[in-house]
Structures are given as C-alpha cells and as structure tokens.
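A.B. asks: One letter stands for each residue in the lines below.
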Amino acid sequence: MSNEKERNLDYCLKCSTCHTQCPVVKSHLPFPGPKQMGPELERLRLARGNKETLEIDEALNYCTNCKRCDLACPHGVKPSFYNLKNKGKLQNKFLIRFRDWILAHNVWWSKMAGRVPALANLALRLSLTKRAMGMVGIADRDFPIYRKHPIKISKAVRDKKALYYAGCYASYNEPQIIQAAVNILESCGYQVELAPVACCGTPMVSNGLWDETARLAGKNTDIFLKYIEQGYKIVTTCPSCGLALKEEYEQIIPGEKSKILKANVWELFELLEEEDNLPFEPAEKLADKAYYHVPCHLKAQGIGIPAANLLKDLAVDELVVDDNYCCGISGTYGFKKEKYPIAMDIGKPLFDDIKKSRATLVISDCGTCKLQIVHGTGIEVKHPAEILARYLKKAQ
Amino acid sequence: MKYDVVVIGAGLAGFSSALAAVELGKKVIVVAKGLGNLYSSSGYIDFLGYYPTTTSWPVTNPLQALEGLVSENPEHPYAKVGKESIIRSVNAFLKASGEMGLSYAGSLDSNLLMPTAAGALSPTSLYPGANGKDVKKAREMVVVGIKELIDFYPLIVAQNLERQLGKKVEALWVELGLDLGRELNSYDLALTLEQEKNVIGLINKLKSWGVKDKLVLIPAVLGIKDWQQVINRLESQLECQVMEIPTLPPSVMGYRLAQSFMHYLKKKGVEFIIGHPVVHVDCRAGRCREIAIETAAHRLKKIAGEAFCLATGGILGEGLQVFPKGIREVVFNLPVKTAETHSLEDFFSLEEQPLALAGVMTNEFLQPVDVETGEAALTNVFVAGATLAGYDPFLEKSGNGVALATGYRAGQLAAGGGKVNE
Ligand SMILES: Cc1cc2nc3c(=O)[nH]c(=O)nc-3n(C[C@H](O)[C@H](O)[C@H](O)COP(=O)(O)OP(=O)(O)OC[C@H]3O[C@@H](n4cnc5c(N)ncnc54)[C@H](O)[C@@H]3O)c2cc1C
Ligand code: SF4
Ligand code: SF4
Chain L
23 MSNEKERNLD YCLKCSTCHT QCPVVKSHLP FPGPKQMGPE LERLRLARGN KETLEIDEAL
83 NYCTNCKRCD LACPHGVKPS FYNLKNKGKL QNKFLIRFRD WILAHNVWWS KMAGRVPALA
143 NLALRLSLTK RAMGMVGIAD RDFPIYRKHP IKISKAVRDK KALYYAGCYA SYNEPQIIQA
203 AVNILESCGY QVELAPVACC GTPMVSNGLW DETARLAGKN TDIFLKYIEQ GYKIVTTCPS
263 CGLALKEEYE QIIPGEKSKI LKANVWELFE LLEEEDNLPF EPAEKLADKA YYHVPCHLKA
323 QGIGIPAANL LKDLAVDELV VDDNYCCGIS GTYGFKKEKY PIAMDIGKPL FDDIKKSRAT
383 LVISDCGTCK LQIVHGTGIE VKHPAEILAR YLKKAQ
Chain V
35 MKYDVVVIGA GLAGFSSALA AVELGKKVIV VAKGLGNLYS SSGYIDFLGY YPTTTSWPVT
95 NPLQALEGLV SENPEHPYAK VGKESIIRSV NAFLKASGEM GLSYAGSLDS NLLMPTAAGA
155 LSPTSLYPGA NGKDVKKARE MVVVGIKELI DFYPLIVAQN LERQLGKKVE ALWVELGLDL
215 GRELNSYDLA LTLEQEKNVI GLINKLKSWG VKDKLVLIPA VLGIKDWQQV INRLESQLEC
275 QVMEIPTLPP SVMGYRLAQS FMHYLKKKGV EFIIGHPVVH VDCRAGRCRE IAIETAAHRL
335 KKIAGEAFCL ATGGILGEGL QVFPKGIREV VFNLPVKTAE THSLEDFFSL EEQPLALAGV
395 MTNEFLQPVD VETGEAALTN VFVAGATLAG YDPFLEKSGN GVALATGYRA GQLAAGGGKV
455 NE
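Residue numbers (my numbering), protein chains in the order written: chain L, 23 to 418; chain V, 35 to 456.
I should point out that these hints are in silico values taken from the structure, not numbers from a laboratory. Among these hints, one or two may not hold up.
Said to hold, decoys possible - Simulated crosslink set (DMTMM-like; lysine to aspartate or glutamate; CA at most 25 Å straight-line):
#  : chain 1 : residue 1 : chain 2 : residue 2
1  : V       : K300      : V       : E363
2  : V       : K259      : L       : D375
3  : V       : K302      : L       : E408
4  : V       : K301      : L       : E340
5  : L       : K281      : V       : E328
6  : V       : K301      : L       : D298
7  : L       : K370      : V       : E363
8  : V       : K300      : L       : E360
9  : V       : K259      : L       : D345
10 : V       : K300      : L       : D344
11 : L       : K311      : V       : E273
12 : V       : K302      : L       : D298
13 : V       : K170      : L       : D345
14 : L       : K416      : L       : D298
15 : L       : K334      : L       : E408
16 : V       : K171      : V       : E133
17 : V       : K60       : L       : D244
18 : V       : K36       : L       : D335
19 : L       : K377      : L       : D339
20 : L       : K36       : V       : E230
21 : V       : K60       : L       : E340
22 : V       : K61       : L       : E402
23 : V       : K336      : L       : D345
24 : L       : K370      : V       : E57
25 : V       : K36       : L       : D344
26 : L       : K281      : L       : E296
27 : L       : K107      : V       : E328
28 : V       : K60       : L       : D374
Produce the complete structure using the sequences and hints provided.
C.D. replies: Here is the structure:
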C-alpha cells in the first residue's frame, strides 16, 4: 500500500458521512458500510501486521465499488480503495470463486460470443443454459445481446491523434457506439485508431482478482504508453474503463507509468469541451423529454456531465439530469444470484424516478447501467455518443 | 464551461448561496471536495444561543440580542450582513424548506430549548416543524432509548434534563428485535424504520409502556424519508407528543436537511460536482476569472465564473488549514485573521477559542479584505459560513445561522455583481 493511502487513514474522523451515501447499506443493512469496511478495519489490519484476513472481511463481497463513499468524504479518504484491495485477499467458497471468476473473465466469453453472435444469443436464452448458470450462482436475468458490426475508420493522417478505447461492452454488444465515437472524433479533426486493448480489468478487480488485474493493467499501460509517446490522446466512452485508467490503475500499479497514462485519458465529451468549433448542427429532435442517468463512474471522474449541454442544445427539448441514484447493477454484481435482489432494490428509486418523469428515452454512458435500466423500466436507453453522432455536420 | 455564480463548498453556507443565486435566475454550479458538515450536525439552525458568550443564560429573543451584537461587535459576520438581510435569509429558507418537503418552523423572535443526545438543552431558532415542541412546557416527559442503537443512553439524557428543567423525566428502553449481525448507528436504524413492520413494532412496544399524554423524546431515527408520517402515527396511535433528539454522527436530522436541500437545488437547475477539491484559481486585477478542480485524472477542470462564493468551511471543513506558523485559507490563499493571543492556555480555555475565531476578514459586501489596509482583495469573491472571521459558532451557538445568513447574502451579492436589489 502506498504511503499516501496509509496516511489517509489518519484523516478519517469517523463522521460516517460516507456511510449515509452507500447504496448497499441502504438496500442490504447487514453490510457494515464504507467507514467500517474501509478505514476502520484497515487500521485493525495494519495493527495486526496485515497478515490474516478478518472474519468480517467477507462482507467486502457486497461492496459494489460504486465510489460514492469516496466522493462523499469531507476529508479526502477513499474507503473504496481499501475495499477493492482487501477483496483480493478473500478466501471465498469454491463455487463463489468459480462463479466470480467466470464473471470476471467476461471478456473471454464475449470474444467467443462475438465471433458467433447469433448462436451465443440463442444459447444465453435457452432454459438449459439458464439452469446451468443458476447452479453456479448466476442470476436468471437477461444477458446483453452480442452484435458484430464492421467499423469504418478514415485512413487520413492528421496532426490530432486519438486512440479510442471502446471497452468490452461497446466492442461486443453495441458496436454502433464505436462507430458513433469514431465519427465524432473524426469530425473534430482527429486521426482515430482503435486501441488494441481488450478488457481494462474492472470486472476482475471488483471480483477480487487483484494480482491478475495488476498484471493486465501493467500490460495495458505499456500498450497505451506507446501511443501516448506518439502524441495520441486516449479517449474512452465507457465510464468504468475511463475511471480504471484514470484512477484505479494508479492504485493497483502505482508508479510513473500509471501517472503518465492517467494524465492522457479523456472521456469523449470531456475532450470535446476543449474543442473550439464543435462539428454539430441542429436537426430534428430525437425526443421531447429524455432522462439522463449519470453513471456512478462518470460522476467519480469529476468532469461534470459534459454531454448534457450538447444533448440539451441539439437532441431533446427537455432533459432531466440525474446523478442521485446508483442503478444497482455495478458491472457483474447484479448478475450474481445472491446479489440480484440487492441490485434491483438499489435501482428501484431510479426506476421510479425515470417512470415518474414520463421521459420516453433514457440516456446513459454505461453499458451495464443500460441493461439494468431496460430491465427495471422497459424504456429504451442510448449512449450519448450514439445520439449526438446524428447531429454531426454533413460533409461538404 | 462558464457560470454566472460558482459556489465552492457544499455545506449549509454553500447551499444557501446557491439558493439565493438560483432564485435570481442565475446559472449556478456548486463544487466541493466532499459533503459538508450538515451530516454531523443536528439539522437545527441555531442563530444566537448565547450572547454575550460569557453568560450562561440562553438568549430568549435572538433578534433583539442580534441588535446589540450588531452595534457592539462590527467585525461579527452578522454585523456585516445586517439585520434585514438575516431576516430575508430566514424567510427564504423557511419557504424553500417547505418546498423541499421538510417544513422547517420557528422564527428569530424566540429560541426553543432543544434536548441534545447528552441531555443538554441547546437554544435554537429553526427546526423541522414536526419537532417544534417545548420541553419547558411539557408536563410529563419520557426519554426512550432503543436497545439496538449505539451511543444513546436514555437514563443519562433523562437525568440531565431533570436537573436542568427541575421536573421529573422518565426513561425507558425498548427493543425492536432487529438482528442484523452488527452494531447499528442512527442512520441504520432510520432505514429500518422506513419499514412498516418496524414502525408497528415500535408503536406496540411503546403502547405497553403507557406513554399517553406524555412528551416522548426519542432519538432521531424515525425514518429518513417518511419520518413526519411516522411521528404523526406515533402521536395519534399513542395519544402522546413525539419529539426527536438529534444523535451523534451520522445525524439523521442533519442528513435529511442536507439531502433534501441538495435535491431541491438540483431540481432548480443547480449543477454539482462533489468529491474533487478546488486546487487552482486564476485571479487578476482584483478579480477571479476561473477556478479549477482536480479530476480523477489529476488534470484540472477549469470552471469560469462571473462571481464566486467561497464557503469552504473552517478548520473542520478544511477551508482553513492550521500550520505550525499560522492558518491558511486553502482556495485563494486569502489573508486569515487569527486572534492575537496564541498561548497554550488560551488554546484550551473555555472562554473564546482563538482557533474558532480565526477566519477570512471581509467588508460589508463579504468581499475578502487585506487585513492591514481593509481594501477588498477580490471584488467578485464573496465569503460565507465557517470560513469567516470574527465569531465563535460553538460558544455563541450560531454555526448554522451564520452559514445561512452569510451564505444567502453572498449568493445574492454574487448574483447581483456585488449589489443586492432590495
Ligand atoms: C459536530 C458538529 C455539530 C454541529 N451542530 C450544529 C447544530 O446543531 N446547529 C448549528 O447551528 N450549528 C452546528 N454546528 C456548526 C455548524 O455546523 C457549522 O458552523 C456550519 O455547518 C458551517 O457550514 P459551512 O457551510 O460554512 O461549512 P461546512 O459544512 O464545513 O462545508 C464546507 C464545504 O467546503 C468544502 N471544501 C473544503 N475545502 C475545499 C476545497 N479546497 N475545494 C472545494 N471544496 C472544499 C467541503 O468539502 C464542504 O463541502 C456543528 C458543528 C459541528 C462540528
Ligand atoms: S472515510 Fe471520510 S466520510 Fe467516512 S467516516 Fe471517515 S472521514 Fe467520514
Ligand atoms: S464503493 Fe459504493 S458500495 Fe462500496 S462501500 Fe463505497 S459506497 Fe458502498
């Protein structure tokens, strides 16, 4: 553990502000909450020489890594960091480990499924498959649909260079997001290349595979740095991938490399805020009223909601912007049988708020938020890039 | 991104600034390192509990006492903003609290003595309406402890109240039969009392104790959202009066105010970025042009504004930082006025606390001034809340009152280019 984080422990004044912001505490009271699982137990662990895990550590399985505790703390402590790190030391039962391992390596299954999407989609909906999944502890809920879609990229060489890192969800489930992001970047004058990087490691680290994530993060960082040296900006559209590169890599593999990486990672619309002439023009509005659900990991990036103003100007008459609620799915969390009811309970206030708003369209940057919101409300959800790409100026 | 008013700090002072500015139709953003102190505080708005601070008799009429304070103590934040402005902030807050669904009540004409978690009596002016009962007038009182709740001891509370009020106060324990395998704080308990079966459980337990016609004092755990209905139900089914006692952090009463206020401001169009400190400012020729927060990527996000409200709290809120050689204001590095004496004895004295008095000096427009010359150092920055010099929130019992009054004034001034249209 870096010294800085250890020192941070001393800043915890036990005010419990973080505790009141934890979505899991609210929906699953046995969870002791960020203050106790984080700074309080960490002191105890340190005092005991950080050797054996504590019995209570098992509750770490229930932390969704939403980061709301980190943002709440008035004193700069980041409870989620201790949770993530100590999850890696848990000795869960075999079946849980097996199930979590499967979910953590979602990228492998996605790669396979991506080759034969129709077959994979069919298989995932078979009752036999569902039963098998149920036996290993996977919830009976809809899985994302796999889609294949060739991406068109211009070969023109330009000064402004962007390495677009799409992440697993867009790559295997919604390639149209990739095309939209590429089109937007190209219209802004960027030479775009797709990052030769598969999974960022978020599903692994949140399933307790700390060491494996560290290896993956190291490998990915080296790839990104090669592009950064050539003047590329790393651009993301998945909030969790973005946050991993901006914050978690530095926690997992502290050092100079992760520092250089984080300084060069941009969320697509964060980058657009820096551009002078945006390549958009008015066209027919997409919806009278839309609801923007700000994903927890976008909120945690501290960049505000850069897509919101564009959406308001171009695409919808009225935009309800919400960053009060966590949708509950938290990546692989909501796919676990024992956590599924918690995930749905966490999401309920959001589902209710969406329905109450009478919006006909929901906008959200995160693929799994989308799955959860569609599951909870039945209302269509789109990525902001997908929407805004429709308003790009037509080439002269 | 450019805003009319940029508020730095998400405590009661920052929220009040945002309220004033958004009421005047301005485009407002609140940025803060973390959430403010409301989550630890009672949720009561104390305006002036003790004046002069050396007396041990609480102020009965804060408005009257304020008049004395304003003329005798021109450096006090209340003197800077003036009586009319204080009254305006109270009216605005009462109106907004109703719209938030919290319905605060009370006025500056009188203080009510509110029991604390230790059984002290704390003078306050504004409180959630459902809690507006008077322990001095109650004939019979009973303090209820909940076995599952940590840090609340009804016997001690009852004894202390008995001593101060000179009348009998009973105490009793109830057990709700919750088994969640861990210690429960007041926020946890309030979550359990969002569930119908636990409310019924509580009512039944209290029924068997016979609390009819009494004033029931119970820790503030009666729900986080539907607490007013819970109080109504207890009162009608038990034929008693119910009053919540604010608890140690996490304080549910403070939580309710903080959450409701923030949601309300969001609905009015105020933007929020919380969790990232302001680490850079761009000031030229006596004006601030923009500030920048540190994002997760450790890059700066610049936020430009016409005017800025500085409401970063005091030493506890970390708007002021203590160094061996003095005290620093963290955002603009503004001059901080410290009390003259700095010996260790003063430090621990029960009289005025030099650390509590320290803060940023301003003129009557809440603009920060040079300590020596008295000239405004920045003309479009307006300071509010615990960052201000010249008062002791703890001895005076004026913390949230000063935060509300100066916050609201700062927001109006920021929105009006340094003027307030009265
Ligand atoms: C335990 C306790 C209980 C109290 N109870 C009561 C009570 O019952 N009634 C009452 O009237 N008063 C009470 N007070 C006093 C009162 O709470 C404070 O005086 C008042 O809340 C101060 O509000 P504020 O908005 O000025 O500061 P704070 O609430 O401290 O808010 C400061 C804000 O600034 C942010 N900030 C700090 N530094 C930076 C930075 N560099 N960049 C960006 N943001 C920054 C913080 O994150 C925070 O959001 C209590 C105080 C304490 C300590
Ligand atoms: S981690 Fe921060 S918010 Fe949580 S108890 Fe400690 S100081 Fe308070
Ligand atoms: S990261 Fe989210 S779920 Fe985990 S402790 Fe913090 S607030 Fe709770």
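A.B. asks: Could you run down the list of hints and mark each one as holding or not?
C.D. replies: Results of checking the hints against the structure:
Restraint check for K300 of chain V and E363 of chain V: not satisfied, since their Cα atoms lie roughly 28 Å apart, outside the 25 Å limit. Restraint check for K259 of chain V and D375 of chain L: the C-alpha separation of about 15 Å stays at or below 25 Å, so the hint holds. Taking the CA atoms of K302 of chain V and E408 of chain L, the gap is near 28 Å; set against the 25 Å cutoff, the hint is violated. This hinted pair checks out: K301 of chain V and E340 of chain L have alpha carbons roughly 13 Å apart, not beyond 25 Å.
Our distance criterion of 25 Å between C-alpha atoms is met by K281 of chain L and E328 of chain V, whose separation comes to about 14 Å. Straight-line distance between C-alpha atoms of K301 of chain V and D298 of chain L comes to about 30 Å, which puts the hinted pair past the 25 Å bound. For the given pair, K370 of chain L sits about 42 Å from E363 of chain V by alpha-carbon distance, which is inconsistent with the 25 Å threshold. Between K300 of chain V and E360 of chain L, the direct Cα distance comes to roughly 34 Å. Violation of the 25 Å bound is thereby established for this hinted pair.
Distance check on the hinted pair: K259 of chain V and D345 of chain L sit about 18 Å apart at the alpha-carbon level, within 25 Å; holds. Using a Cα cut-off of 25 Å, the hinted pair K300 of chain V and D344 of chain L holds, with the two alpha carbons roughly 8 Å apart. Simply put, K311 of chain L and E273 of chain V have alpha-carbon atoms about 47 Å apart, too far for the 25 Å limit, and the pair is violated. Of the pairs offered as hints, the one joining K302 of chain V and D298 of chain L is violated, with about 29 Å between alpha carbons and a cut-off of 25 Å exceeded.
Between the alpha carbons of K170 of chain V and D345 of chain L the distance comes to roughly 44 Å, so the proposed pair goes past 25 Å and is violated. Distance restraint check for K416 of chain L and D298 of chain L: the Cα-Cα separation of roughly 18 Å lies within the 25 Å cut-off, and the hinted pair is therefore satisfied. Pair hint K334 of chain L plus E408 of chain L holds up; C-alpha atoms about 15 Å apart against a cutoff of 25 Å. Taking the CA atoms of K171 of chain V and E133 of chain V, the gap is about 30 Å. The hint is violated against a cut of 25 Å.
Note on K60 of chain V and D244 of chain L: the hinted pairing is violated, with a Cα-Cα distance of about 46 Å set against a maximum of 25 Å. Between K36 of chain V and D335 of chain L, the direct Cα distance comes to roughly 16 Å. Compliance with the 25 Å bound is thereby established for this hinted pair. Between K377 of chain L and D339 of chain L the CA atoms are separated by roughly 18 Å; this keeps the pair inside 25 Å, and the hint holds. Among the hinted pairs, K36 of chain L with E230 of chain V is inconsistent with the structure: their alpha-carbon atoms are about 30 Å apart, more than 25 Å.
The straight-line distance between the Cα atoms of K60 of chain V and E340 of chain L is roughly 19 Å, inside the 25 Å bound, and the hint therefore holds. Taking the CA atoms of K61 of chain V and E402 of chain L, the gap is about 30 Å. The hint is violated against a cut of 25 Å. A C-alpha spacing of about 21 Å is found between K336 of chain V and D345 of chain L, which places the hinted pair at or below 25 Å, so the restraint holds. A C-alpha spacing of about 31 Å is found between K370 of chain L and E57 of chain V, which places the hinted pair above 25 Å, so the restraint is violated.
The suggested pairing of K36 of chain V with D344 of chain L holds, with an alpha-carbon distance near 21 Å, which does not exceed 25 Å. Restraint check: the Cα-Cα separation between K281 of chain L and E296 of chain L comes to about 21 Å, which is no more than 25 Å; the hinted pair holds. At roughly 24 Å between alpha-carbon atoms, K107 of chain L and E328 of chain V fall within 25 Å of each other, so this suggested pair holds. A C-alpha spacing of about 30 Å is found between K60 of chain V and D374 of chain L, which places the hinted pair above 25 Å, so the restraint is violated.
Hints 1, 3, 6, 7, 8, 11, 12, 13, 16, 17, 20, 22, 24 and 28 from the list above are not met by this structure, while the remaining hints are.
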